[in-house]
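Undergrad: From first to last, the protein sequence lines stand for chains U and X.
Letter 4 of the first sequence, counting from 1, is numbered 4 in our numbering, and no numbers are missing.
Letter 97 of the second sequence, counting from 1, is numbered 97 in our numbering, and no numbers are missing.
Hints in this document: simulated from the structure, not taken from any laboratory.
All values reported here derive from a predicted model rather than from experimental measurement.
It cannot be assumed that every hint is accurate.
As the list claims (entries may be wrong) - Subject to a maximum C-alpha distance of 35 Å in a straight line, what follows is the list of computed DSBU-like cross-link-like pairs (lysine-lysine):
hint: 1; chain 1: X; residue 1: Lys32; chain 2: U; residue 2: Lys2
hint: 2; chain 1: U; residue 1: Lys245; chain 2: X; residue 2: Lys19
hint: 3; chain 1: U; residue 1: Lys156; chain 2: X; residue 2: Lys71
hint: 4; chain 1: X; residue 1: Lys32; chain 2: U; residue 2: Lys245
hint: 5; chain 1: X; residue 1: Lys145; chain 2: X; residue 2: Lys118
hint: 6; chain 1: U; residue 1: Lys237; chain 2: U; residue 2: Lys327
hint: 7; chain 1: U; residue 1: Lys327; chain 2: X; residue 2: Lys32
hint: 8; chain 1: U; residue 1: Lys308; chain 2: X; residue 2: Lys32
hint: 9; chain 1: X; residue 1: Lys177; chain 2: U; residue 2: Lys67
hint: 10; chain 1: X; residue 1: Lys71; chain 2: X; residue 2: Lys6
hint: 11; chain 1: U; residue 1: Lys245; chain 2: X; residue 2: Lys71
hint: 12; chain 1: U; residue 1: Lys131; chain 2: X; residue 2: Lys240
hint: 13; chain 1: X; residue 1: Lys177; chain 2: U; residue 2: Lys308
hint: 14; chain 1: U; residue 1: Lys67; chain 2: X; residue 2: Lys6
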Amino acid sequence: MKAVASYGIVNADTSGPGAFLRAAKWYWDELTDMFAAAGFTSVMIPMVPNTENVSRNGAPICTASVKTRFGSPAGYLRYLNEKGIESVEAIGISAQSMYNSLFETGLPIERFFDGFYDYAMDAAEALAELKGSTLLASPTPGIGFLMEQFRGDEAKIEDFRKSSAECMNRIGEAVRGLGVNLSIRNEYWTLMRGALIEEYMKLLDPEKVSFAPDPAHLFIAGADYMDIIRKYAGQAKTVCFTDTKFRDEQEAYRTISPEFPQDGAAQRVYWDLGFGDMDFDGIYAALKESGFDGPVLLDSRYSLDIPKGILRMRTFWNRLEKNYAGKEI
Amino acid sequence: MANHIKLSHMSHWKTIPYKQIDNFRDYYYEDKSNSCYYEDWDRILRYHKATGYDGIELAPWDLPEILGLFKTPAEYTAFAADHGIEVSGMFHGCDDSHIAEKHGEVVAAGRSAVDTLKAFGGRHLNTCPGNNYYGNGPLDAEGLKNIASCLNEIGEYAEGNGIKLGIHNEFFCVTNKENHRQLIELTDPRCVHYCLDTAQVVLMGDDVIDFYETYKDRICTFHWKDTADLGVADEIRYAKDVEICDDGHRWFWEPGEGCLPMVELWKRVAAHGFKGWVTVEDDGAPDYLAAMALSSYYMKQVLGKIYW
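If we strip away everything but chain U, and leave its shape as in the complex, we get:
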């Protein structure tokens, strides 16, 4: 298995110590060095749709900001190579990011999936230039947002879910021509959550779209993550590793602030890898037993201390491999 470090460790959107700096190129120059110094040679980059506001960012947050700073994705890859990062294995796209961009672009919800397709293709073309393998998509916006958008009309939300699956199939077909796989990830606050995953997968063409299970999101949604990972390991082109201790007792997944629960005893969702409750030794062994040998996207999402979080991610992976090797003997 190949360890791929996710740039999702940086929460580029929210307040925090030094938050303003995260939009500057120099900050990302240093972070890139840190990933390489921690021994990562491949990365995953979450990207949002290109809008005027985010495109001016010095962070590699969308293809427009990459093109402005490096001329092209190929130029960015040369820059990464010089710093010791050999490849961008995956680019992450998200229907929630697409939904968030509607405020700035004014695109009506009726054209949501046209916009999402364009966003996906733009990211996939960049990924092909970056010599990556996987376009990782979170296929629907949050349930809370959809409830508001459609005023709780379950039939409209169901139609939206089906349309999103059609859109995934369409994207999956198109990106194959670029030599890219489309994998979809589960997030506990989207329509692709927990028990709904099975139903969603039935709407997808397995030739075009694979499922990249994420244990923390399965756990929060109340699913048996080990069972689901075992079930889908054979078809997976990639898997996501996110850690958590969060139990969604107040149904934050139904709100429009699911990743920052406003109520309840615990208001923090994501933990640096190795610091939550997920049984990654068991997951790693299950993946090995299934013959999975693809990229593992290490996502210490929204780490509270990013340089430390990068080092923790390396420590986590080293221990995981060591523990597994120890058991083999």
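Since chain U is already given, all that's left is putting chain X on it; use the hints.
TA: What follows is chain X alone, placed relative to chain U:
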């Protein structure tokens, strides 16, 4: 102290994800990080009050999240009032205002911004007149007139709703050194005012003292900040994505940390008897809370001794 001035702070915190962190101690112990000090409106507003501010200026790009957390502008305003803080104003951008065909759309967006600000109880709609220079400039006379026409129409609507529209010219804006004064002349002084961003006009290459003396009757509020760059070359101002410098160079500094003649300008403000909101803008600061405190100290302990 006469108290003619109310001090506000522009919200550049980025999205503040929580209304309130109830389990503050537990959150801290989770990773023993200082993140929990910067993630909820409750504490951010406390910092405003604690560091001597009376108000906050909202950023429109934060509105979806603010309304998500507070449901209505009135609820946000009440929450802020509980912390002793008022909404002084909101930023607004008149993108595409130079394009005649976009007039209706731009005015509608402007009116909507007025309505939003009014619902938050704010007073100042500080309005960037147009897009970035890059990709849009230089403007011809028609383009400039189109912008003025949009501002006049939005301004008239604003005035009727008790809101002051103040032109806020960015140094990389399509209206720039060669025509930003001309734009002011093209607008209606009865309803289009000026928000003097002390650093932006200097970055454009204008003289802030002369500018103030020329337009003091049009100035309805300030974005008060410092800069160490007195006049930025055209090729930089007119380039793509210049606001956030790749190498970390800062265009803006806390008042007193740059090179602007702040005391001299403030004496002119005092002589003119300005009364109202002055908003400090600390964008670019690596430690926003420290910058707020540093700025407040300068405003109150240095400038405040001259006039307040």
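Undergrad: Hints broken by the structure, by number, lowest first?
TA: Failing hints, ascending: 13 and 14.
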